[in-house]
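For the protein sequence lines, the chains are A and B, in the order given. Once you know that position 91 of the first sequence is 91 in the working numbering, the rest is easy, because the numbers rise by one and skip nothing. Once you know that position 24 of the second sequence is 24 in the working numbering, the rest is easy, because the numbers rise by one and skip nothing.
There's no promise every hint is true.
Unchecked claim - Okay, derived cross-link-like pairs now, EDC-like style, lysine to aspartate or glutamate, Cα gap no bigger than 16 Å in a straight line:
hint: 1; chain 1: B; residue 1: Lys2; chain 2: B; residue 2: Asp44
hint: 2; chain 1: A; residue 1: Lys2; chain 2: A; residue 2: Glu30
hint: 3; chain 1: A; residue 1: Lys2; chain 2: A; residue 2: Glu34
hint: 4; chain 1: A; residue 1: Lys88; chain 2: A; residue 2: Glu34
hint: 5; chain 1: B; residue 1: Lys88; chain 2: B; residue 2: Glu52
hint: 6; chain 1: B; residue 1: Lys2; chain 2: B; residue 2: Glu34
hint: 7; chain 1: B; residue 1: Lys2; chain 2: A; residue 2: Asp120
hint: 8; chain 1: A; residue 1: Lys29; chain 2: B; residue 2: Glu109
hint: 9; chain 1: B; residue 1: Lys29; chain 2: A; residue 2: Glu109
hint: 10; chain 1: A; residue 1: Lys2; chain 2: B; residue 2: Asp120
What the hints contain is simulated information worked out from the structure, not anything from laboratory work.
Each chain, written out:
There are 2 protein chains.
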Amino acid sequence: MKALLVVAHGSRRAASNDEVRALCERLQKEAGAEFSLVRAGFLDLAEPSIPEGVAQCVRRGAGQVVVLPYFLSAGRHVSEDIPAEVEKARAAHPHVAIRLAPYLGAAPEISGLLLALAADSGEGDGSSG
Amino acid sequence: MKALLVVAHGSRRAASNDEVRALCERLQKEAGAEFSLVRAGFLDLAEPSIPEGVAQCVRRGAGQVVVLPYFLSAGRHVSEDIPAEVEKARAAHPHVAIRLAPYLGAAPEISGLLLALAADSGEGDGSSG
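Take these sequences, add in the hints, and give me the full structure.
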């Protein structure tokens, strides 16, 4: 069984963390057969941590876990902190295949998405709110 | 002439700001006739600010400017700080139509993009680094 752990920075603002959790619920519905389980994890300021998030997936039966950084820029969090947490999870679960996916900002499709958002806004009359 | 100002938080790490500027150069090429000019703006820690970024677009001939928050979560920056900066830009350029687009994290297409990134990773053998 394959699980996806979407990792956000984590915020002192509970609503921001809940926004990530809601995204994961939506992903769970859209993932179909690809991922049986989609969970949120946080680098800081919210729970679960990356190792704990991976552990939760393993307890639910995951033999493979993909960790995906929900980050826009390739800063220290993406290049150092998240890989270090993933190493901790690997050490704790040597029998589980734990892979680190590219961070969201690395996706070339981001530009098309931004242009679509900008075009929507540019064509409206602002009356929707 | 219509311009797009992509607004990031801004970072002390120059490479993160340059990553946003590089994205805007890519957007400029992909925008075609929709936006004649695509620029980066920053809420904090980098230049130009939102009002200065709008002013740069206006100096280049923009009669319409779309401001798009390059943010994943609907925190205070998206709900209060960016709208306040956009109001300053509107006050400085009352003859220019300045619209605030939805923030990136609000795009429903984000989930499909995440699943595509996660699937790529899951099928690779990790040898690409």
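Which hints from the list above does the structure break, by number from lowest to highest? 1, 4
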